[in-house]
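Chains as they are written, first to last, in the numbering used here: chain D, 1 to 392; chain F, 1 to 293.
FYI, nobody ran anything at the bench for these hints, they're computed from the structure.
Don't be surprised by glycine CBs; every beta carbon is placed ideally from N, CA and C.
Take the hints with a grain of salt, since some may be wrong.
[Claimed, not checked] Sample of chain F residues at the chain D side, in silico, Cβ under 7 Å:
1. Arg190
2. Leu191
3. Glu193
4. Ala194
5. Tyr196
6. Leu198
7. Gly199
8. Ala200
9. Asp201
10. Leu213
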Amino acid sequence: MSVELPRTMRASAAEARRPAEPPTPGRAGGEAARASRGAAAEVAVDCRGLVKSFAGGAVRALDGVSVAIKANEFFTLLGPSGCGKTTLLRLIAGFETQDAGSVAVYGQLLDGLPPFRRPVNTVFQSYAVFPHLTVEENIAFGLEMQRRSRREIDARVAEMLALVKLEGMEKRKPAQLSGGQQQRVALARALATAPRVLLLDEPLSALDLKLRTDMQLELKRLQAEVGITFVFVTHDQHEALTMSDRIAVMNRGKILQIGTPEEIYERPAARFVADFIGETNLLPATRIGERRFRLASGEELETAEPGAAGEALTLAIRPERASLAPPGDPGLAGIVEQIVYEGTDTTYHVLIAGGLRLRLREQNREGSRPRVGTGERVAVALPAAAIRVLAE
Amino acid sequence: MRAEARRIGLLAPAMLTIGVLLVVPLGLMAIISTLARGPSGGIIWGQHSLDAYVQFLFERDLMDRLALNTDYLRIFARSIGLAATTTALTLLIGFPTALWMAFQPPSRRTLLVFIVTVPFWTNLLVRNYAWILLLRDGGVIDWTLLKLGLTSRPIGIMYTPLATAIGLVYSFLPYMILPIYVSLEKIDRRLIEAAYDLGADRRRALFRVILPLAMPGLVGGAILVFVPGLGAFITPELLGGAKSMMVGSLIQQQFGQARNWPFGAALAFVLLALVLLALMAHALRYRRGAKPA
Ligand SMILES: Nc1ncnc2c1ncn2[C@@H]1O[C@H](COP(=O)(O)OP(=O)(O)O)[C@@H](O)[C@H]1O
Ligand SMILES: [Mg+2]
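All chains, please: the whole structure from these sequences, using the hints.
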C-alpha cells in the first residue's frame, strides 16, 4: 500500500529510503557527506546562508540567514509576524527544505535528513498534541518510536509528568485539559526523548497573560533543569528580553542583530531593532564631526561614540534615558504637549523644533509629582552616552 | 412552556417526514408479515398468521411436520458474506485512494472529489449493463486476454459471486472513499509533522496517528457500504445470475413471482433486525472506547 505524504514532507521522504543511520543524538554520521564541521563542539545549531522562497519564488521567507546557537543557551528568534521565524524553525526541524544554505546540529550536517532522523524536537505553536492519545501516551510517543523498553518508557514518562507538573492527569485525553495543560503535555512529549535541541514556535502566544507569565518562568526553570539548547520563537519583545540568553532580531527574512537582551536593548544595531524593541525616539540627523550631529532644526548634539558610518543618519534615544530640564539648559528646547500618568512612570510628550515629538519617561517616586505642566517650555537633556547613531 | 411549544413546532416537520416516510411503511410491512397470504398475491386482512416467520427456518414435510430448512439462512449468510467482502475490498481500495486525495494540493482535491462522484451521474442499471459488456464471455476483458494470449478459453466470470463482488465494489467505492477522505482532510497536518518530529517513520505515522484519527470516516464508510450491500438487488440480479441468489432478489421474488407478500415482508424484517443489531453492537463498543479510562 503506497502512502502519500504531505507535500512538505516529500523532499525528506526520498531520504527515508537511505540506509538507516543511528538516530542517536550527537553521533555524527559516518559518511563523508555528513562530515563534522571540525571543532565546533560548543555550537549547538549552526545555520549558514539559509535561503527559502515560497510560491515559486514570489515570497522570500528567508533571505540568507546565518546564526550560530551555542550549546545549552536559551536562544530567541524575535521579529514581527511574517518575518520568517517559523520558516527558520521548520528548516532546522526538517519540515521544509532550504533553497540554499545548510543546517548543522552539534557538527552533524542535517541537510537532506528527514525530520524523524534529526536530533531536534519541536513544540508547535498550536500544541499539536495527539487528540486520540492520553497524556501519558502522548509523552511516551517519541520513546516508543525509539523502541525503548516498557520499563524505561514508564520511568521516563513519570519523570516528565513530574517535570511539567501534570501528575495525576496521565489518563486524561487532551480534550479534558486546559490550554496551559496541553502546552505542558506538548513540552513533556518533546523533552521525553532528551533531544539535543528543542525548537519552540511561539509556545505561549495562545495563553492568557497570567498563565503566560507563569509559563515564561516555568520554561526558564525547565531549560536550566534539563540543560537542553532552546530555540524559542516569539513576536513579543518583552517575552524575548526577559527569557533569553541571546536574541536574534529578524525582519523580512533577515537577521538584523544577534546579542544579549541588554545589548539588543541598549545598543540596537539598526533602526528597525531600536524601534521594535521597547520604545525609542528617532531623530533624523546629519554628521558634522566624528561625534557631532546636526538636527533638521539646526540644533546640534554630541554623542559618546561615532556609531554607523555615513552622512545622513538616525539618532535613537530611549524615553527613560532623556530627562526634563529648565528652559535654557543644555539640550533641545521644547514645549510639553501632554503628560500621561502610568502608575510606575509618568510619560511626557514634548514638541521640539522641526515639529518632532519626543517621549520622556520618569519613574514616579514617593511624593514626586509632575515638575512641569502642559504648555510649559522645557529643555530636553540627551546624555551623549545614551544616544545611538544608526544608519538611516 | 413557550420554549417547549416552540421546540415541538420546530421538530414537527422532521418528525412528520420521518413518520410518513419511515414509520408508516415499516408499520405496514410489520402488519403484512403477520397476515395470511392471499391466494394470488396480496394478503387476507384480518386473518393473522406467523407462517411467514416459521417458513424462514422450517418447511413442512409430507406428513405436515416441521423440519429445519437452511435454504433461506444460506441465502442470508451468502449475502452477509458478500456484503462483508465488498466492505473489506472497498476499504482496501478506498483508504489508500482517500489518503492520496487528502494530501493533494487543495485546488486538485476539489477536482478529485468531483471525479469520485462521476459514476453517480449515470443510472445504476446502465452501469451494471456496462459491467456485463466487460465481464461476459467474449466481452471486453475476455477478448483482451484472448488477444494477448493470456488465456485460450473464456474465463467465465459472468454470473458468479465474483462478478457480483466486482459490481458491488465498483458501485459502493465512492461511499467508502468520500467519508474517509473527509475525515483525513480534517486531520491537522501538524499532528502528522509532530509524529515525524518524534521519530515516527511514514509507516508508523500512518498506523499510530493517521489511521486512528481517520477511524470515524472508516467506520462511516463501512456502514455506508455494508448496510446497502446486504440488501443490494440490481447488481446481484444482473451480474450474479440465478445460482447465487441474494436476500435482495429473494425478497423481490416473494412480492413478485412467488406472490407471497407476508414471507417477503418477514424476510425484510429479519434483515432489518440483523442490521440494527450490528449497528447497536458497534455503537456500544464505540461508546465504551470513547469513555475515558
Ligand atoms: N507554505 C508556505 N507557502 C507560502 N508562503 C509561505 C509558506 N510558509 C510561510 N510563507 C510565507 O513566508 C513568510 C514567512 O512566514 P513565517 O516563517 O511563517 O513567519 P513568522 O513565523 O515569522 O510569522 C510569510 O510571508 C509567509 O506568508
Ligand atoms: Mg510563525
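Results of checking the hints against the structure:
1. Below 7 Å, beta-carbon pairs count as interface contacts, and Arg190(F) has one with chain D at about 4 Å; its hint therefore holds.
2. Annotation: interface hint on Leu191(F) holds; nearest CB of chain D at approximately 5 Å, less than 7 Å.
3. Below 7 Å, beta-carbon pairs count as interface contacts, and Glu193(F) has one with chain D at about 6 Å; its hint therefore holds.
4. Checking Ala194(F) against chain D by beta carbon gives a least distance of about 4 Å; that is within 7 Å, so the hint holds.
5. A cut of 7 Å between beta carbons decides the hint on Tyr196(F): the least distance to chain D is about 4 Å, and the hint holds.
6. Annotation: interface hint on Leu198(F) holds; nearest CB of chain D at approximately 4 Å, less than 7 Å.
7. Interface restraint check: Gly199(F) against chain D, minimum CB-CB distance 4 Å, threshold 7 Å, status holds.
8. For Ala200(F), the suggested interface contact is upheld, since its CB lies about 5 Å from the closest CB of chain D, less than 7 Å.
9. Against a cut-off of 7 Å between C-beta atoms, the interface hint on Asp201(F) holds, since the closest Cβ of chain D lies about 6 Å away.
10. A distance limit of 7 Å between C-beta atoms decides the matter here; for Leu213(F) the minimum to chain D is near 6 Å, and the interface restraint holds.
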